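S.K.: Now for the letters of each chain:
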Amino acid sequence: MSLSISDQEQLLTGWGRTCPSLARVQPCSSTEEVQQAVRSAGARGVLARGLGRSYGDAAQSGGGTVLDLHAFDEVSYDPVLGTVTAGAGASLDSVMKAIVPAGAFVPVTPGTRMVTVGGAISSDVHGKNHHVDGTFGAHVLALTLIDGSGEVRELRPDGDSAAQFWATIGGMGLTGVITQATFDVIPLTSSLISVDTQRANDLDEVMSTMVSGDDKYRYTVAWIDTVSQSARGVITSGDHAAIEQLSAKQRTHALAFEPKAIATAPPIFPSGLLNKLTIRAFNEAWFRKAPKSQTGDLQSISAFFHPLDGVQDWNRIYGPRGFLQYQCVVPDSASHLIRVALDKLRDVGAPSFLTVLKRFGPANPAPLSFPQQGWTLAADVPAGVEGLGQALDDLDHLIAEAGGRLYLAKDSRQSPQMFARTYPRLSEWQQVRDQLDPRGVFTSDLARRLSI
Amino acid sequence: MNDALGEPQSVLVLGGTSEIALATVRALPRSRLRRIVLAARPSVARNAAVAALTADGIVGVTALDFDARTTQGHGAFVDGIFDAGDIDIVLLAFGVLGDQEEAEANPDLAVEMATTNYTGAVSIGLHVARRLRTQGHGSLVVYSSVAGDRARRSNFIYGSTKAGLDAFAQGLGDALHGTGAHVLVVRPGMVRTRMTEGLPEAPMTTDANVVADIVVKSLRKGKETVYAPGPLRFVMAGLKSMPRPVFRKLPR
Numbered sequence: 001m002s003l004s005i006s007d008q009e010q011l012l013t014g015w016g017r018t019c020p021s022l023a024r025v026q027p028c029s030s031t032e033e034v035q036q037a038v039r040s041a042g043a044r045g046v047l048a049r050g051l052g053r054s055y056g057d058a059a060q061s062g063g064g065t066v067l068d069l070h071a072f073d074e075v076s077y078d079p080v081l082g083t084v085t086a087g088a089g090a091s092l093d094s095v096m097k098a099i100v101p102a103g104a105f106v107p108v109t110p111g112t113r114m115v116t117v118g119g120a121i122s123s124d125v126h127g128k129n130h131h132v133d134g135t136f137g138a139h140v141l142a143l144t145l146i147d148g149s150g151e152v153r154e155l156r157p158d159g160d161s162a163a164q165f166w167a168t169i170g171g172m173g174l175t176g177v178i179t180q181a182t183f184d185v186i187p188l189t190s191s192l193i194s195v196d197t198q199r200a201n202d203l204d205e206v207m208s209t210m211v212s213g214d215d216k217y218r219y220t221v222a223w224i225d226t227v228s229q230s231a232r233g234v235i236t237s238g239d240h241a242a243i244e245q246l247s248a249k250q251r252t253h254a255l256a257f258e259p260k261a262i263a264t265a266p267p268i269f270p271s272g273l274l275n276k277l278t279i280r281a282f283n284e285a286w287f288r289k290a291p292k293s294q295t296g297d298l299q300s301i302s303a304f305f306h307p308l309d310g311v312q313d314w315n316r317i318y319g320p321r322g323f324l325q326y327q328c329v330v331p332d333s334a335s336h337l338i339r340v341a342l343d344k345l346r347d348v349g350a351p352s353f354l355t356v357l358k359r360f361g362p363a364n365p366a367p368l369s370f371p372q373q374g375w376t377l378a379a380d381v382p383a384g385v386e387g388l389g390q391a392l393d394d395l396d397h398l399i400a401e402a403g404g405r406l407y408l409a410k411d412s413r414q415s416p417q418m419f420a421r422t423y424p425r426l427s428e429w430q431q432v433r434d435q436l437d438p439r440g441v442f443t444s445d446l447a448r449r450l451s452i
Numbered sequence: 453m454n455d456a457l458g459e460p461q462s463v464l465v466l467g468g469t470s471e472i473a474l475a476t477v478r479a480l481p482r483s484r485l486r487r488i489v490l491a492a493r494p495s496v497a498r499n500a501a502v503a504a505l506t507a508d509g510i511v512g513v514t515a516l517d518f519d520a521r522t523t524q525g526h527g528a529f530v531d532g533i534f535d536a537g538d539i540d541i542v543l544l545a546f547g548v549l550g551d552q553e554e555a556e557a558n559p560d561l562a563v564e565m566a567t568t569n570y571t572g573a574v575s576i577g578l579h580v581a582r583r584l585r586t587q588g589h590g591s592l593v594v595y596s597s598v599a600g601d602r603a604r605r606s607n608f609i610y611g612s613t614k615a616g617l618d619a620f621a622q623g624l625g626d627a628l629h630g631t632g633a634h635v636l637v638v639r640p641g642m643v644r645t646r647m648t649e650g651l652p653e654a655p656m657t658t659d660a661n662v663v664a665d666i667v668v669k670s671l672r673k674g675k676e677t678v679y680a681p682g683p684l685r686f687v688m689a690g691l692k693s694m695p696r697p698v699f700r701k702l703p704r
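In the order they appear, the protein sequences are chains A and B. In terms of the numbering used here, the numbers along the first sequence are unbroken and rise by one, the last being 452. In terms of the numbering used here, the numbers along the second sequence are unbroken and rise by one, the last being 704.
Please keep in mind that the hints were generated in silico from the structure rather than gathered at the bench. From a predicted model like this one, the values you see are computed outputs, not experimental measurements. Worth double-checking, as some hints may not be accurate.
[As the list claims (entries may be wrong)] Below, a list of computed lysine to aspartate or glutamate pairs in the EDC-like style, where the Cα atoms sit at most 16 Å apart:
| # | chain 1 | residue 1 | chain 2 | residue 2 |
| --- | --- | --- | --- | --- |
| 1 | B | K669 | A | D133 |
| 2 | A | K276 | A | D347 |
| 3 | B | K673 | A | E386 |
| 4 | A | K260 | A | E386 |
| 5 | B | K673 | B | E459 |
| 6 | A | K216 | A | D347 |
Generate coordinates for the entire structure from the input sequences, incorporating the hints supplied.
M.R.: Below is the structure:
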């Protein structure tokens, strides 16, 4: 075998741009092509990759075949049933463009629209409405999966295929290749969000405000200033605005959805630019920018849900060494760990300019789904910070002790022991996976790293 | 698989009793290490190396029989190791210093030196490169030597084997560029080890753990060549540009 690279091979990383590995990227445009790829899988296996928004190594597989299902991009909306059937390669952006003008919204959106339907299901993504609506997977009514033998399976959340269905929700693409899914939608009379904003001067105030607001809002999230000792923050909450809340002028285009890219991050970003000073300045400005208290502000979908989508390739700002996002969940009984986590990150000198706190509602039946009742904290940190590994390992330990865990779609560093300990239903999931993929075709760098 | 913070899980040491390589294993971040294979000829030293690393708290250390000179078996040997799981870091650290004067008098000894240090390294190096290429990630560290930078009267046979190895390793690194696999060429000066015991110390002589720390830092930074200690780079640049009549007259 020659050592040279072929045209089909590409170095792939996650959104955090750490740990590249080389894979053969194969575009598939039909079910038959996917079946063929699965049946002719080599020793390094097969994995479907969407838009590469998972932060770590979930959507890459060194030496393997990575399927690009871009072509599975059809979106059809059934206004009578209130459901969407979409190809796995369709982005939530394209789903929204198709259904918002028709008066419907996706049941759950993460902080970016640039994820595929297949990826949203595999990572079982959540959004600002988790405490009310649960995860994306909880809204899936049916999905089509090509299993490890190349057979096409129709899976549903209840009945005979329930176990396979729930193993696929949050299954990180390791049960098969999802090609299509049907999910329910939220009816809209306008595309605007009515937003209430409140500043809080310390973490206790942030958390108590969020607890009391649980029942009041469909969407809520808090941004935390990790530089300030007090961990002050800004809580934004909202709901879809009814057409009656719009001005006469706004009503003329009540269901408009035209998000625009505002800027693109330059391709080469010096690693030193994001330092303690600039992060401190950013945090200060972000806090000051928010009104002390404001209600009923009408914002667009993209401004409220996906502010970072306005800056294309923003992941480049962390420079060549990349970054990671630490996202954990802890039960309500261990809410003090949020403070501990923020302190630890600050002590190790890993200030984050994007730290988000959110309340989760109850878990769903999927064995590997991340969310569970409690608090979730997500913090971006540069990968090059000295001592970060030990600090995060210490934090992992506390989180595991308390019954919490880390989000696989964000993970790029937890130990296999930490994973196995905090996902106690792993062996149950593996049994179902082994039925769906007896030859062990589906794998990823994440699966190898964590011995999944 | 290395994680986002550069913590490896698995290491293969070719020349599993090499003090510099063992020091490198000790210097690696440990929190994710779970498989260390020491490949060497069976010996008391090899058993001791397994025991010492294990006593140091490093888990998953095992030994495998490997002889750099029997190149026919190299392919199957490397396949066996990689088939059992990905290898994140391969340390190519075997080599013999030999005695220059004896080798001058007995060319068979010189051939043996060349076979181990160069031919054996080319063989196993290519097999390792093939498997790193297949898995799409991983690093190969090749322990070259400043002796290969410019052949000296006093050790040119050893030096020429390292010169060949160094050129091979650089070329291999270029061949693997962009494949996710990576080659780091390390050029230590004189290092205090069993190999150099009893020899007069050269200027800038260093210790195995200093070389090890430099290797670990360079891996983290993704470097392709590094001297150990670092300033040797300037010394060697000077020596390489020296006219031969002057170079010949330098003290050994």
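S.K.: Decide if the proposed pair is consistent with the structure: K260(A) and E386(A), CA atoms, cutoff 16 Å inclusive.
M.R.: violated (37 Å)
S.K.: Can the restraint linking K673(B) and E386(A) be considered satisfied, given a maximum Cα separation of 16 Å?
M.R.: Holds, because 13 Å separates the two Cα atoms, which is no more than 16 Å.
S.K.: Given the hint that K673(B) pairs with E459(B), test it: the Cα-Cα distance must not exceed 16 Å.
M.R.: holds (13 Å)
S.K.: Would you check the hint for K216(A) and D347(A), treating anything up to 16 Å between C-alpha atoms as holding?
M.R.: violated (35 Å)
S.K.: K669(B) and D133(A) were given as a pair; does the straight-line alpha-carbon distance stay at or below 16 Å?
M.R.: Violated. K669(B) to D133(A) sits at ~47 Å, over the 16 Å cutoff.
S.K.: Keeping to a limit of 16 Å between CA atoms, is the pair of K276(A) and D347(A) held or broken?
M.R.: Roughly 12 Å separates the two Cα atoms, so the pair holds.
Hint check: violations occur at hints 1, 4, 6; the rest are consistent with the structure.
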